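Engineer: Sequence:
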Amino acid sequence: MNIDGGGFGDLLQQAEQMTAELDIGMDLPRVERNPRQILKECQTLLSQVAPVNKETMKVKASLVLGSQGYDVSKVSQRLDTLTAKKAFEPLEPVRDTDIEGFLKNERENALLTVIENARKNTLETCEQRLWGSMEEEWEREKQKMLNALLGTGHQMLDYSQETEQSLLSDAISMQGRSALNNVEMAYASQVYIYNKKVLEGGIRLSLQDLFMEAANSLGDKLVIDKLWSMVEFMVNVPMVTSSAGPPRQDKKLLQAFVGQARKYLEHMYVKYVTTMVYENLYKAKRGGKPGTYSLIRSFLNVKYPTPMRGEDGLLDGHPVWAVIYYCLRCGDLDAVQEVVNKSSQQLKDFPEIITEYMKNDRSLGPSTQTKVRHYYRRTIKNSSDPYKRAVYSVISQSDPLEAHAEIADKTEDYLWLKLCQIQFEVDPSGQDQYTLQKLQSLLYEEYGESHFNAYQQPYLYFQVLFLTCQFEAALEFLSRIDALRCHAVHVALVLFELKLLLLPSSTQVALLTQDPADPSPQRRLNFARLVMMYTRKFEATDPREALQYFFFLRNIKSSTEGNLFMSCVTELIFETKEFEMMLGKLNQDGIRLPGAIDKFQADSEDIIKLVAKSTQDKGFFEEAVKLYDLAHSHDQVMILLNKLLSDVVSQPNLPQSNRERLRALALDIAQRYQSLGHNATRDNTNTFFLMLDLMTFFDQYHSGNLSGALEVIGKLKVVPLEVDCVKDSITNFNYFSDEIRKCLPDILLATMQILNAIYRQTRKSFPQSPGPIKAMGSGQEASLNQLRSKAKALIMFVGMLPYRLPGDTNARLVQLEVQMN
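As numbered in the numbering used here, residues 1 to 821 make up the sequence shown, in order.
Bear in mind the hints are in silico, worked out from the structure with no lab data behind them. Being a predicted model, the structure only gives us computed values, none of them experimental. Take the hints with a grain of salt, since some may be wrong.
Listed next, the in silico SDA-like pairs over lysine to any residue satisfying Cα-Cα at most 20 Å (straight line) [unchecked claim]:
#: 1; residue 1: LYS727; residue 2: ILE740
#: 2; residue 1: LYS577; residue 2: GLN616
#: 3; residue 1: LYS792; residue 2: ARG763
#: 4; residue 1: LYS271; residue 2: GLY331
#: 5; residue 1: LYS303; residue 2: ASP413
#: 6; residue 1: LYS792; residue 2: GLN753
#: 7; residue 1: LYS577; residue 2: PRO516
Cβ pair distances, simulated, as ranges [said to hold, decoys possible]:
#: 8; residue 1: ASN555; residue 2: ASN658; range: 38 to 48 Å
#: 9; residue 1: SER703; residue 2: ASN658; range: 11 to 21 Å
#: 10; residue 1: ILE481; residue 2: ASP334; range: 37 to 47 Å
#: 11; residue 1: ASN182; residue 2: GLN456; range: 24 to 34 Å
Even for Gly, the Cβ is constructed at its ideal location relative to N, Cα and C.
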């Protein structure tokens with residue numbers, strides 16, 4: 001076979017001839033080659049082809065692109081710029097001699113740098129806000145869990161089987177009874193009385209007096225003497241009734257606090273002395289003479305039945321300095337003066353000192369104080385009489401670090417001595433002042449809870465902190481004890497109403513915090529969190545009482561919206577689901593009957609809207625509809641109802657189904673709005689009433705009333721039933737809301753199925769002829785043609801519709817329409 005001289009045409013002809021000869025059954029063997037032989041043959045053929053000229057190819061490519069209006073050189077430059085590894089990577093530098101290129105490159109690099117920096121800043125900001133939002137949400141949830149645990153007591157942490165069963169039974173029984181015990185109920189009744197007077201206006205009652213009445217009714221002597229009596233003394237300071245409230249760092253206010261704390265300790269010591277005397281009348285030899293001096297003399301007869309020796313002599317058988325100290329300890333300066341007058345010859349210069357001390361309201365003049373301090377350091381400090389040392393130390397405010405342990409063997413005595421030695425004026429001698437801040441740091445930071453055995457003696461530690469003006473730390477400590485948390489909360493209410501509490505700038509912080517601007521060891525109490533922790537226990541069973549406590553938070557701003565009272569009420573109503581009881585309900589005439597929140601003269605509609613928004617955000621749309629309706633936010637009512645109805649409009653109306661419930665709600669609202677009017681927008685109103693009409697259409701369709709359903713859908717003009725109306729329906733479709741568009745596939749299918757069913761019924765009703773061809777009149781044929789025309793209009797509408805329908809919807813529509821031909 002010679003193929004050297006021929007071309008590809010001859011080669012093709014010979015190949016075809018050989019193939020034909022093989023096909024006709026010639027016994028010639030087929031040529032088979034392995035891949036290596038095929039590759040070698042291809043390389044041989046390739047070498048015979050002339051090499052490709054790249055320049056020729058570029059020319060041809062330029063001609064082709066040029067004929068279409070493209071400049072190959074510019075296209076090549078643009079393609080070269082796209083070879084960068086990153087979209088915003090700086091461009092390659094150009095030669096220094098190319099000034100125009102250099103400036104262009106610098107400008108583009110500057111733009112790319114700005115874009116890249118903006119992108120990074122945006123990503124960082126988004127990430128920071130995301131994490132900040134997540135942390136804030138977690139803090140809220142964490143505090144809810146902690147508050148729930150604290151509100152029900154630490155015993156909830158015991159998850160034994162018996163405990164779980166008891167908790168379950170308690171939870172079941174709790175639904176029918178109050179979670180408040182007798183102590184909490186007594187305080188809650190006083191809170192209700194106080195808030196009622198506040199809302200009525202006029203002169204406010206004393207909240208502290210009301211709580212003292214509750215404590216007296218309970219008969220707990222410890223609570224009365226160690227708590228409320230102390231609170232009564234401490235709040236009785238000047239400037240407390242000021243509208244703005246004095247700052248806690250004000251020197252006059254702190255001085256008044258220290259004076260009241262000292263008076264309380266003196267008052268309690270008089271009660272202690274009186275009790276000791278009257279319990280030991282035989283030893284006391286009380287007699288009938290009234291007065292503190294006579295009482296102290298009898299007390300010393302009980303305390304020291306064996307006569308003591310005194311450094312400066314005796315008075316009625318007792319050391320004169322002991323008598324002076326105990327009269328001073330009881331806070332009766334007149335009794336001290338009486339003792340001094342009876343023993344003036346024994347006391348040297350002390351009568352003049354005590355006279356000046358009484359005239360200057362328990363203080364000495366600068367010169368006298370300096371002299372007495374020098375005298376104390378030189379002589380008195382080395383005296384063998386502990387009472388003499390204590391009296392001079394108190395009057396001259398000397399040696400504040402001395403504990404006087406011989407006579408101040410109780411914490412109350414020690415605290416009284418230290419309070420007497422606190423200085424508010426600059427020491428003329430230049431010595432360091434013993435300030436209230438130093439005493440606070442000593443007791444709270446150096447000694448602390450372990451020193452005072454706080455959890456075994458909670459009233460004592462609370463007293464130590466409270467009398468040294470550390471109200472916040474004292475209340476926080478007391479709130480950690482389940483049995484005493486109730487008292488801590490109500491003491492905090494008293495101080496908060498008198499503007500004596502230091503509050504943090506945010507309500508999201510911990511219960512006790514330290515502000516950098518405050519002197520150490522001053523703390524701030526998160527009063528709002530304390531109240532919410534307390535109400536967590538009973539807000540589910542006693543929401544009305546919880547509202548009374550939330551009313552105290554009305555002037556604290558919320559971190560989200562409005563004040564904290566509104567935020568707490570919103571959360572309370574959502575959790576308890578007591579919408580009608582708390583918010584009221586609507587009559588048939590559209591007037592809202594008042595609920596529990598209306599008693600607080602708050603903007604009820606704003607609160608209801610907040611509750612509705614919170615309910616909507618958490619996915620409870622039906623409740624949100626009712627709440628928006630209650631707040632007369634009719635537009636929101638229709639927006640939510642349109643969304644809810646669009647999900648169920650095409651479903652059959654089964655008993656006790658979501659659709660039946662929503663349909664009843666929507667019809668009730670529609671009837672009321674039509675008769676009484678509403679403030680919803682026109683678009684939402686039209687969508688709402690069209691949705692109700694579509695529900696009527698599907699009700700007719702599912703009930704089998706095909707003619708009625710076809711009549712309804714024809715009047716609504718949602719889909720065209722005439723070919724001439726297709727364009728108008730397309731135009732109307734652009735004005736439909738998303739809720740109506742969402743229902744369109746079901747509407748089209750239902751309409752086409754109705755047409756198909758009527759068509760088949762019409763065909764079956766025609767009389768049959770003996771042959772295969774049906775005999776029908778012109779009227780019946782016209783009816784069938786009319787149905788086909790309606791089906792065709794639907795198919796045309798779907799084809800022209802600027803809306804993507806599900807694929808199976810289109811297929812089903814076409815299938816039903818074909819069955820009618």
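Engineer: State for each hint whether it applies.
Structural biologist: For each hint, the structure was consulted:
no., hint, verdict
1, LYS727 with ILE740, "holds (18 Å)"
2, LYS577 with GLN616, "holds (14 Å)"
3, LYS792 with ARG763, "holds (18 Å)"
4, LYS271 with GLY331, "holds (12 Å)"
5, LYS303 with ASP413, "holds (16 Å)"
6, LYS792 with GLN753, "holds (13 Å)"
7, LYS577 with PRO516, "violated (42 Å)"
8, ASN555 with ASN658: 38 to 48 Å, "holds (43 Å)"
9, SER703 with ASN658: 11 to 21 Å, "holds (19 Å)"
10, ILE481 with ASP334: 37 to 47 Å, "holds (41 Å)"
11, ASN182 with GLN456: 24 to 34 Å, "holds (25 Å)"
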